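Peer 1: Protein sequences, first through last, are from chains U and Y. Heads up, the first sequence stops at 404 in my numbering, and the numbers go up one at a time, no gaps. Heads up, the second sequence stops at 404 in my numbering, and the numbers go up one at a time, no gaps.
None of these hints come from the bench; they were simulated from the model. One should not assume that every hint holds.
Since the list can't tell identical chains apart, any single copy or any two copies may satisfy a pair.
Lysine to aspartate or glutamate pairs mimicking EDC-like chemistry, simulated, CA-CA at most 20 Å apart [to be verified]:
id, residue 1, residue 2
1, K3, E61
2, K304, E225
3, K241, D196
From a predicted model like this one, the values you see are computed outputs, not experimental measurements.
Letter by letter, the chains look like this.
There are 2 protein chains.
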Amino acid sequence: MIKHYCNISQILSLKKAHEKDGRNLLPEDLSIIENASLVFNDDEILWTGRTADLPAEYLKEERVDLTGHCLTPEIVDSHTHLIFGGDRALEYSMRLNGADYEEIAKAGGGILNSMTGTNSMEKHELLSIGRERIERLASYGVGTIEIKSGYGLNFDKEYEVTQIINELKAEFKGRVQILNTYMAAHAIPKSFESSDQYLSEVVIPLLEKLATENIVDAVDIFHEEGYFNTEDVKKLFSKCKQLQIPFKSHADEFNDNKGAKLAANEGALSTDHLLQTTSDGISALASSDTVATLLPGTGYFLGKPQANARNFLDAGVKVSIASDYNPGSCHWDNVLQIAAITAPNLKFNQTEIWSAITLNAAHALGLKSQGAIIPGLAPRFSVFKVPTVHHITYHWGRNFFISI
Amino acid sequence: MIKHYCNISQILSLKKAHEKDGRNLLPEDLSIIENASLVFNDDEILWTGRTADLPAEYLKEERVDLTGHCLTPEIVDSHTHLIFGGDRALEYSMRLNGADYEEIAKAGGGILNSMTGTNSMEKHELLSIGRERIERLASYGVGTIEIKSGYGLNFDKEYEVTQIINELKAEFKGRVQILNTYMAAHAIPKSFESSDQYLSEVVIPLLEKLATENIVDAVDIFHEEGYFNTEDVKKLFSKCKQLQIPFKSHADEFNDNKGAKLAANEGALSTDHLLQTTSDGISALASSDTVATLLPGTGYFLGKPQANARNFLDAGVKVSIASDYNPGSCHWDNVLQIAAITAPNLKFNQTEIWSAITLNAAHALGLKSQGAIIPGLAPRFSVFKVPTVHHITYHWGRNFFISI
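So here's chain U without its partners, still in its complex pose:
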C-alpha cells in the first residue's frame, strides 16, 4: 500500500551525505527539505520533495498530515550489549567513591558479575528483559538495533542468548529491525588457560553450529591486551570469511593494538571504540569501507578521555556513534541523547552527528539500503514533534519522538 505523509515541516534527508558515502560531510549535506512530503510503500521511498511539487499521481493516496513534525532517517543504534542479567549500580557507586579495579572485583563486580547474572537467568527471563529494553530504545526513536551476545561466555548460554536475540528479531519484525551479533569472544572465562583455548573450544565451534542455523548477522571480538590478541582476531575473521558471515571488532580502546588497521584491511563492517587508534589505523579506515564506530557514552560514563573524533572525520573516515549500552561501562541506552551531547564536545557538525546515528550507523551494520530519505531506499525514518530539525538536538534530555 502506498502512503503519503504531507505537510512535514522539515525533512532532514541526508541526500548529499548519502551521495558522499558518509565522508567529509559539510553542514549543507544535511539536505533539509522544507514543507515536505514523503511517499512510500512497504519496500521503498517513492518520492520526496516539497509538498507543492508533489506529482499529481500521488494526490489520491492516503494522506497523513504531519504539520508541526520533522522527519529524519531512522535512528540506528549499531552497538549494544543489551541482553544481560543483574545490574552493576553498586559497582558504579564504588568507582565514583574511588574504588579501583581490584576492590570492585573483590566485591563481585566487573564483567564476571554480569556473566553470573546472565547465566543465573532462564531463557524466558532474558527474553522478557530484552523485550523491555528494545521497547525503551524504540520509544526514543531508535528503529534499528544491533544486539551482541557475550555475557553467557560458555557454549550453552552463548547459544541460548543468540537464539533469544533471534526470537526477539522475529517478534519485533516490521517495527524494530534487530541485528544479531555473535560475541562469545567478549572476554575469557577463568576456566580457560588461554584466549586460543577458549576460541578453539567454544567460540569457533559454536559459530560453526550457528552458521548452519543461519541466525547470525555478524561476529564481534574484543581485540585488546588481556583479552584476544591479533592472532586470535585473524583466526576468527578468517573463519567468518569461510562461513561468509560479516565481522567487526572492539579495537584500540585501552592500547593501540593496530586493531582498527587490521579490521579495515580485513574488510570488517565496523571497528569500535578506537580511543588509541593512531594515524596508520585512520588511514587504513579512510581508504576502506569499514565504519569507525565511536562510543562516547562510555567515555562519559567512566569519566575517561574520548576518542579524537575529528582525526577520523577530517581524514574522510565514515564515522558512526552508538550507545554501547551495557551494565558496566555504559548504562546509558539513548543514542540520540548521547549524540546530542557528543556534538559540541567532540566537535561534530550537524551533518556529521546525524549521519553518525543514521546513515553511517546503518553502514556499520551492512545496511546499505537505508540511512537517507531518497527514492529507492527503504522507508526507514523517525518522526519528531518539533518545528525544525534543529530543535531535536537543541533541547537536551527531552524526547520528541512520536510513533505514527
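Using the hints, position chain Y against chain U.
Peer 2: Chain Y in isolation, oriented as in the chain U frame:
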C-alpha cells in the same frame, strides 16, 4: 496531619553531610538507612530510622507503603533562567557548524534574541510557558526551583517578569517551592552608554520598587568583562544590604575577575560558574558560608572546558550544581541528569554529587531548614522507584521519580 512512609528500601539521609555543613564530604556521609521509615507532618520531619525501630506512638498513623522505593532529600535547582520567550535552536546549530559570535549576532542570535523574544510576549503567555517548564522540572523530582528574571532588560518588562515569577510561586505553593531572583543586571541593553548608567537608571530604581512589594528572594548580577564590573557589583551588593535582600553573582566565567572572592567576602548566598576562579577565590569561599555553584550543563552544551570542581571540593568549599537552564548556553533542564554525568567526569564522589543538588543547593538559596532527612528539618524529599539509591544515578537518561 502526621504521615508515615514505611518500608522504604533506602533513605539517602545526608545526616553526616548536614553535620559537616556540606563540606569535605566522604562516601559514608551519604548516611543511608536501610528498610526505613519516615514520619513527618506538614512542617517538619518527626522521626526517621529503620522501620523495625519505629516508636510505638507512630504505629497508629496513616501509613504509605514504599516497598521498592528510595527517598532522598529534595532535588533543588538553584540556578535557572526559565522565563524566556522564543528559542535559539538555529543559533545552536550554527555554532555546531562553526559560526562565530559575530555571524550568530548578525543572524539575530545571542541574548538580544531572547530579550526580543521575551519582550514580544504578553504576560499571560510568559506565565503559561513558565508553568509548563516548572511542571517539567517537577516531573524529574525537582521540588525547589530558583528562577531569575533577566531577559526583559528594561524597567517595565523586568518588573513584569518578577511579578510573573511571584505569581507562579503562589500558584505552585505546597507542591513546588519557587525562589524569585531579580536579575535585571544580566546584560546591558544597547540603548545605554555604560553599565553604570543602566544600573543607576533601571536596575537599582526597580529593585527599590520591588523591595517595597517584598517579592524578591535574592538579587543576581553578571560580573564579567563587557557586562558589569567590580564597582557595579559592589554598588548593587551594597544596595541589597541596605534593603536586606540576599544577593549572589555570576562570576569568573570567562575571566578571573576575582568575582568569587568578592562574593564570598561580601557574604553572597552563592557565586556561580567559576571556571576561572583561582586559589584566592577558593580560599575566600572555603572560609565563608557562600556556596560555589557549578553549572556543568553549560560547559557540555557549549562544548567548553569545565570548572575544576576538585579544587573547590578539596579546599572545603560548599559546592552546589545547578542546571543554568536557559535558551542560549544551556538548553538542558534536568539537574539530576546533569549531576549524574558530572560525577564521573568532574570527579565527585556520591556524597558530593547528592549534596550538590540537595543540601548545598538549598544553602545556595538561603534555605537552611532542608537538605537532609533528619528530625527537625522541613519534610522536603524526592521519591524514586528504584531498589537502591545507587540506581538513581546509575541508569543515565531515565527518570525514576514518582510523585506521591
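Peer 1: Determine for every hint whether it applies to the structure shown.
Peer 2: These are the hints, each one checked on the structure:
no., hint, in the structure
1, K3 with E61, "within (6 Å within a copy, 60 Å between copies)"
2, K304 with E225, "within (18 Å within a copy, 33 Å between copies)"
3, K241 with D196, "within (19 Å within a copy, 74 Å between copies)"
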